[in-house]
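Visitor: Chain by chain, the residues:
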Amino acid sequence: MSEEKKKERRARIAIDEHFCKGCGLCVDACPQHIIEISSQVTSSGYYPAACPDPQSKCTGCTLCARVCPDVAIEVFVKQKTNHGERE
Amino acid sequence: MEKLFMTGNEAIAEAAIRSGCLYYFGYPITPQNEIPEYMSTRLPELGGAFLQAESEIAAIYMVYGAAGAGMRVMSSSSSPGISLKQEGLSYIAAAELPCVIVNMMRGGPGLGGIQPSQSDYFQATKGGGHGDYHLFVLAPSTVQEAVSLTGDAFDIADKYRTPVMILGDGIIGQMMEPVEFEQRPRSKEYDKSWALSGAKGRPRNVIKTLYLDPQKLEQHNLKLQDKYQKMKEDVRIEHYLCDDAEIVIAAYGTVARIAKTAVQILRDKGIKVGLLRPITLYPFPYDHFQEIAERIRKVLVVEMSLGQMVEDVKLAVNGKAEVAFYGRTGGIVPSYEEIAAELEKQLF
Amino acid sequence: METIDKTDKMDRVFQRPEALTKATTHYCPGCGHGVAHRLIAEVLDELGIREQTVGVAPVGCSVLMYNYMNIDMLEAAHGRAPAVATGFKRARPDLTVFCYQGDGDLAAIGMGETIAAAARGEKICVIFVNNATYGMTGGQMAPTTLVGQKTSTSAQGRMSERCGFPIKVAEMLSVLDGPQYIARVSVSSAKYIARAKQAIKKAFEVQQLDLGYSLVEVLSPCPTDWHMTPQQAVNWLEENMLPYYPLGEFKVQGV
Ligand SMILES: Cc1ncc(C[n+]2csc(CCOP(=O)(O)OP(=O)(O)O)c2C)c(N)n1
Ligand code: SF4
Ligand code: SF4
Ligand code: SF4
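Residue numbers (the numbering used here), protein chains in the order written: chain A, 1 to 87; chain B, 88 to 435; chain C, 436 to 690.
Derived by calculation from the structure, the hints in this document are not laboratory data. Virtual Cβ for every residue (Gly too), placed ideally from N, Cα, C. Take the hints with a grain of salt, since some may be wrong.
To be verified - Below, simulated BS3-like cross-link-like pairs (lysine-lysine); rule was C-alpha separation at most 25 Å, straight line:
{"id": "1", "chain 1": "B", "residue 1": "K303", "chain 2": "C", "residue 2": "K457"}
{"id": "2", "chain 1": "A", "residue 1": "K57", "chain 2": "C", "residue 2": "K626"}
{"id": "3", "chain 1": "C", "residue 1": "K637", "chain 2": "B", "residue 2": "K287"}
{"id": "4", "chain 1": "B", "residue 1": "K295", "chain 2": "C", "residue 2": "K457"}
{"id": "5", "chain 1": "B", "residue 1": "K347", "chain 2": "B", "residue 2": "K246"}
{"id": "6", "chain 1": "A", "residue 1": "K57", "chain 2": "C", "residue 2": "K636"}
{"id": "7", "chain 1": "C", "residue 1": "K457", "chain 2": "B", "residue 2": "K287"}
{"id": "8", "chain 1": "B", "residue 1": "K213", "chain 2": "B", "residue 2": "K401"}
{"id": "9", "chain 1": "B", "residue 1": "K359", "chain 2": "B", "residue 2": "K347"}
{"id": "10", "chain 1": "B", "residue 1": "K275", "chain 2": "B", "residue 2": "K303"}
{"id": "11", "chain 1": "C", "residue 1": "K444", "chain 2": "A", "residue 2": "K7"}
{"id": "12", "chain 1": "C", "residue 1": "K637", "chain 2": "C", "residue 2": "K585"}
{"id": "13", "chain 1": "B", "residue 1": "K287", "chain 2": "C", "residue 2": "K636"}
Claimed, not checked - In silico negatives: residues of chain A with every beta carbon more than 10 Å from chain C:
{"id": "14", "residue": "R12"}
{"id": "15", "residue": "H18"}
{"id": "16", "residue": "Q32"}
{"id": "17", "residue": "I34"}
{"id": "18", "residue": "E36"}
{"id": "19", "residue": "Q40"}
{"id": "20", "residue": "V41"}
{"id": "21", "residue": "P54"}
{"id": "22", "residue": "T62"}
So that you can see chain A by itself, here it is in the shape it has in the complex (with noise of 0.2 Å):
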């Protein structure tokens, strides 16, 4: 656990239940392998996609977010680092 917490963090994602219907295309996208299928289900009925990262393994490709036919994703990336987001 120390090990993973002293690893810094480069980009990370934030899946919105709101959107998200658990389709998993997102789940096959990521290059990490890091995002999976919740088991707790949304107020919507699905269960959705979660990516807790705790190895801070997202590197801000945006391939989850490309893939996700719901627009659920929005992909933060350290500053200075900030690239790949508008082709």
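Chains B and C with the ligands: place on chain A using the hints.
Guide: Frame of chain A, contents of chains B and C with the ligands only:
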């Protein structure tokens, strides 16, 4: 005022342009081709748009699009083509978009013939397409009247945000008469804040007809119904020699014009006959018929169909006077002698 | 919504485009319509034309698109979007106009309007979502249903002897002189989605340059009517649709 010698079709096209209609979409069909032909040269000169569509279906949806932009727009066709436009007219009525459609009726059913007819009365006045809606329907009986009703049609369309139909036939469309055009200033500017123009500095506008929630759809239909009730203030009818009449002929459009001559001949013979000529077919002048039914014996309805408007006359008269019918169909136009003879038969 | 860690200063590098509303869609989980909507919205934002654009929604699963796009929109009847767009564009040539249509809408009932608008070089963009089925009405056979593909009206699989062959819309329209840009893309995976956005952007640029008609055919999964999970659906699309419907640009003029 300038006096021009024109066909009814050309006169309607010119009147539309003078009423600020700069957009026309249509598909060729006899007997109304002079309208698109006229528009095809005039509109581009005026900076508007004429487009010969791939079908009447496409044409009516082009009208829907241009009307959605808030423009005065028009299409014209004849019976089979008007049948193809019905789904689109239902959408336009539902979306509450103003536009003007001309139907120069020809004989049906099917491909029928190209001679004049009045057999699309039901289709024009009862909705025509699916759903609880109506068109506002105007029926000119001379070329000059077609000109003034065309101008009125655009105002009524804007006033009620509704499709308006001008219902004529090959005679009105292709007959040449001298006509005068008044330069028609727009009677008022109508609110078009509902039109689409890009959602700049305002919330987005949506033009739609889908109401999945039955409560909302019922509300929408009731709103349309209110509008149809309100339209009654624009009912129009011509009473000709009705004051002392014991029997009246009821006819519209071309037939009314012929019936007028029949009335004159019968009057010369001392018969107390009049003519009731509905100018608005929807809303139908029920009150006028109701009122006159109190003091006459009989109404003879004459149509170029096998009996369509006669049903509205019966509804209006409601048993207070006798209702007789005389009709020719298939493109045959009854002569005034024929109408006069029929009326004389009905006297006894 | 996760709470944002205020201690690490981060830039938001991917967010909901302005041209989308905040509404949740009625689409099934994994439906490609959502991605297609987002790509259009991103392109409108990037070109700065959200407030000068009018969209025409079809009849099909995406009929409620006007609830999701933060722009002025008209709803067309089934198949008639190109005619509605034509009427609008002729009246307002200064605005950008696009149609969004499914395969039943565009390639069955609306094929006449589609070909006529393309041949006229009508200055509109058409985003054509090909999911090889009629989604809204319950997964019946579409003009784009693959030979052998099972649908609710081709339970044994589409038989070419009886039902003929699927229509390759992009190829077919590209032989006409009117279109200026025609491409086929897919929204089945991140790599293809990036290219799809490039194509949609070009299609809108063609209209910005006043060149003429543009169409982007978007291969799109319909997990529900294909009776698959979202993952199976994107795999099925790539294994079965890509060989029959090759991706690429079929006509490029001026951009
Ligand atoms: C004139 C008419 N005919 C049929 C329908 C029924 N209908 C609604 S959507 C649809 C097909 C939709 O399929 P597609 O265009 O492929 O879009 P999808 O739902 O797959 O996105 C049909 C046949 C209709 N609304 N109107
Ligand atoms: S792709 Fe989007 S909708 Fe699907 S599980 Fe991931 S966040 Fe949820
Ligand atoms: S941004 Fe990239 S690394 Fe981070 S969760 Fe999404 S796909 Fe995975
Ligand atoms: S039925 Fe198919 S096309 Fe329609 S919303 Fe569901 S997945 Fe999408």
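Visitor: Looking back at the hints listed earlier, which ones does the structure fail to meet?
Guide: 5, 6, 10, 12, 14, 15 and 22
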